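**Q** Given chain A's structure and the hints, the job is docking chains B and C onto it.
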Amino acid sequence: MSHDIHKYAFFLGCIAPNRYPGIEAAAIRTGKKLDIELVPLKGASCCPAPGAFGSIDLNVWYAMAARNLILAEQMNMDIALICNGCYKSIWEVNHKLKHNDELRDSVNEVLKEVDMEYKGTSNVYHLAELYYNDEVCGLNKLRDSVTTPLSGVKVACHYGCHLLKPAKDREFAGGAIGDSEHPMWFEELVDALGAEAVEYRNKMQCCGAGGGVRGYDIAHSLDITNEKLTNMTAAGADAIADTCPFCQLQFDRGQFEIGQKFGVEWHVPVLHYCEMLGLAQGMSPVELGLDLHQTSCKPFLDKLKGGQ
Amino acid sequence: MVYTGKNAAAAEAPEEPRIGVFICHCGTNIAGSIDVPAVRDYAATIPHVVVAQNYAYMCSTPGQNMIKDAIAEHHLTGVVVAACTPRLHEPTFRTATANGGLNPFRFEMANIRDQGSWVHMHDWDGGTAKAKDAIRIAVAKATKLEDLYPMSVPVEHRALVVGAGIGGIQASMDLAAAGIETYLIEKQPTIGGRMSQLDKTFPTLDCSQCILSPKMAEAGRTPGIKLYTLAEIENVEGYIGNFDVTIRRHARGVLTPNEAAAKGIIGGGCTGCGDCSNVCPVVKPNEWEFNMAPRKAIYICHAQVVPLIYTIDFDACVKCGLCITACGTKKAIDLEMQDELFTIKVGTVILATGYEAFPIEQKKEWGYKLYDNVITSLEFERLICASGPTIGHLVRPSDGETPQSVGFVLCAGSRDNTGIGKPYCSRFCCMYSLKHAHQVIEKIPGCRAYIFYMDIRSFGKAYEEFYYRVQNEGAKFIRGRVAQIQELPNKNLIVVAEDTLLGNQVQIEVDLVVLAAAIQPTAETEIVRRQFGVSCSGDKWLLEAHPKLNPCGTTTAGVYLAGVCQGPKDIPDTVAQAEGAASAASIPIHSGHVELEPYYAQCMQNLCAGCGMCTRLCPYSALSMTVVDGRTVMEVTAAKCKGCGTCGGFCPGGAIKMQHFTSPQILAQIDAFFLGGEQ
Amino acid sequence: MTDEWKPKILGIICNWCSYAGADGAGSARTQYPPDVRIVRVMCTGRIDTLFVLKAFADGADGVLVSGCHFGDCHYLAGNFKAAKRMFLVKSILNNMGIEHRRFRMTFVSASEGAKWATVITDVINTIKEIGPSPIAEERKRRGL
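Chains as they are written, first to last, in the working numbering: chain A, 1 to 308; chain B, 1001 to 1679; chain C, 2001 to 2144.
Rather than coming from a laboratory, the hints here were simulated on the basis of the structure. Since the structure is predicted, the reported quantities are computational estimates derived from the model, not experimental observations. Honestly, I wouldn't trust all of these hints.
Partner residues are not named here, just some residues of chain A that face chain B (Cβ under 7 Å, in silico) [said to hold, decoys possible]:
#, residue
1, 181
2, 182
3, 201
4, 205
25 Å max Cα-Cα, derived DSS-like pairs, lysine-lysine [said to hold, decoys possible]:
#, chain 1, residue 1, chain 2, residue 2
5, C, 2115, B, 1422
6, A, 203, B, 1491
7, C, 2140, C, 2054
Cβ-Cβ distance ranges computed for the label pairs, FRET-style [as the list claims (entries may be wrong)]:
#, chain 1, residue 1, chain 2, residue 2, range
8, B, 1540, C, 2129, 32 to 38 Å
9, A, 119, B, 1423, 36 to 42 Å
10, C, 2129, A, 171, 46 to 52 Å
11, C, 2122, B, 1523, 52 to 58 Å
12, B, 1479, A, 196, 40 to 46 Å
13, B, 1445, A, 236, 20 to 26 Å
14, B, 1504, A, 267, 44 to 50 Å
15, B, 1362, A, 196, 25 to 31 Å
16, B, 1445, A, 301, 51 to 57 Å
17, A, 120, C, 2099, 23 to 29 Å
18, B, 1629, C, 2129, 53 to 59 Å
19, B, 1500, A, 267, 50 to 56 Å
20, B, 1604, C, 2096, 25 to 31 Å
21, A, 218, B, 1483, 23 to 29 Å
The C-beta atom is built at its ideal place from N, Cα and C for all residues, glycine as well.
One chain only, chain A, in its complex shape (with noise of 0.2 Å):
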């Protein structure tokens, strides 16, 4: 293991710094023990999304991820990232571009209004992927950095789609976390800080949000969440963890959603990695602005309490 501090170019994306700050506090904070450092992007811009550009123009889609990806080339870093979505974006333009070089050049004839290239020597990460990572911080690392163990309490892991599939164009950690059928390597994540991850009915399962779905059929959205809510209650689950924000805002606000349509009372705290993480290193629900959550985190903070 070693102790060379590891310098990433933090890209934010848009849910997290808007709707969860907690996560970017926590992700900033918890690097300091694990030698993880995360400079601030400036300059960037959304990622874009993946579905909404992404699926309307892909021209945009691939001029703005790789204006992000020139900026972080620029500080000659690697870009780490909280949000699936904006893995998606960022992670698969780089991919593309770097092995196409007729789509390189075209997005560079782009760029260039703006004076930038696009010249390919960063890489993308996905924090996740980077504390399973034993090169940079591994599980032993980051079990070393607990100091108030997740005890006692049971935890749902959603790993959300975009970060492994499609599973044929991920490189994900070099393919040693890559399976995207039956992964176990989130659930490690979450062992390490003292929870109990447990495996539940169709755990692949989608949030309900992306793919344009909550914004053009908020119904059909909400019974996809519905369902996954009855299948990681069914396993115990205490609570829900998730790599993305955007999965975490439709499980977060999707129960009061739920609530108002359908009836169905749910109240399952949603937390991302990072904020689990930062509770496990002693950071205060208040400083991981726990407290802005729509679906009330107090439980599962009841559950630890009693637990320890």
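**A** Positioned in the frame of chain A, the structure of chains B and C alone reads:
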């Protein structure tokens, strides 16, 4: 053949070459994409060409007669036929050349179909130009061809069959019945292969063991079959008629009665009584039962093994010696037994190395090895089989309960282009899954059977009728791929699939799921293939010499294929191919000799500087150094040389002559391409 | 008829894998451009470096040597020995001032008809990109 005379080391003083060129239309196969008359007119202008003709089908009798007549009329010294590939019709035209009175090796072929008209179907000018060049190149070689005479070598009156599943057993029995002593080599402790693990066979529903075990027993006692189980091929040398094959017999730890007798133990050796196994304290899972039943460290796979000799699993044995005491005066057990290597000489070889299941756990979406109640078809066969671990009571692994609903997932890893799985059809899964559905409906009253399929391929005799029968028995057929299998807390399974006939997604809860896993060649197939120099197709099945006209042969003369190692096939097809392979393998043996193509190396010793590099390049130890008139030079043992030419490609002095592929011939071809031609 | 330059490319290929693969492309009617002419040998091991150099001396725009995949050679390791020799060819070509990309060794098995078509297309495109052989140009200039 008409020609006479003996092979001369050096050609006679070359006469002025007179070449005849014959261009085939192959109906419209060639003439439809190439301007044959223009090619013929051009061919007539090539230096040394004295006659150029074209004909609809050169391989027909009139076509062959054209060659024969032209040789006499024009006093030809060489013949060029521009047609298909020499891999198809070189033997035909060599015979025609010989019938015309020329040495058959005075023939050269220009491939203007397989590598001409067929691949340039829409490029009339380009294809025509290429055909002209191909003929010019062939003529250049023909002007330099020499008389050659095939070597006749005797064929050993013995055969080898590798793999003793139903294919290997059938082939061995046929060969033995034809009076050929046959070695049958099997890696497992018993013969029988996959078929012995099956319960019933489709569509007749006769019991697999009932029809197989008499054959197994007969193979074990036929005097003409030398059976070696727990044995593998260690090394292969030689060529058709004279293969030297080294066999490794793994230490069994138990002596057969014959082996005991040879050691002077009167009335000793294993009788299969099982007293040893009863006292053995080590319990291991029985791989033959897919680890669903226990066995001891000294064991037999199942009750009907052939030979009925116990085997010690030396990885598990603790050498406590209890078995030795139990065996008593039979003295069959030798805990210090070592592997044994011995070499056999055989004339021909049949490979029947079979298949294994694709590791279907790689398709994580179906949860094999993750969910208790997802099993494979082969496991199902053992669970439904009266001699299996549950005495034929189908139970689900999680709780031992009888399932009331079973889902069968067809094409599990077959016809799958996702990268995980096999693109081909495994060919017998449809039929055995129909059989499985029939079995659960018959054995478990009220049990529902759901078959998730892409297409039901019931292609064989009485197969389609069996399909109707299973439909009438009430099996539910859902046409669509299974996306996912989910496990419920009670260990029931939800099969999530598309029903393409209803245009719906379906989710069906079942107690047990059976995956009809794709099949792939056994791991040993790749090793054996390389030992015998047999090619494989892209999917790793062994490659037949011709997919239609030589399905049992391989590109290695004297090596034949039987059964699934050549590609997925069911039992009737395997047996049929085994009989075909046995017939093919017996032909060289019964004719007593084979003719080898005279493509061997010769050393022009006056040019050889004796560096000896070639002797190290030769993969067959065919070259050696000798002293002639005080000079160290190389000499070739022609019978060992297979004619690759690696020595000739290296020799810095140009002292090695590769017959029929000599340097002057190849250089003439190169020069003809670049320096000849229409300007 | 156009005056488009047609490269002259020689393919020396082994009987068991690449020649069979090329026939396979024919059986499947896989189309590819016609600019490569074939000389068949039993094994790429037979190919003397001089054959390749002679082709270039004669004005070849490109030469392709194609054999079995490593481990698949009908004669155990002839392709391996050939491959080692072909590295030598590349370095000689560089020293002669002939673009080494004009020469290529590939491995196409008997079942890879589609790959053969891809290889041929790629070889022809490469040679078209490099242009006519300087030796061929010089021969033409001298009227040889």
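**Q** Which numbered hints are broken by the structure, listed smallest first?
**A** 4, 10, 11, 13, 14 and 19
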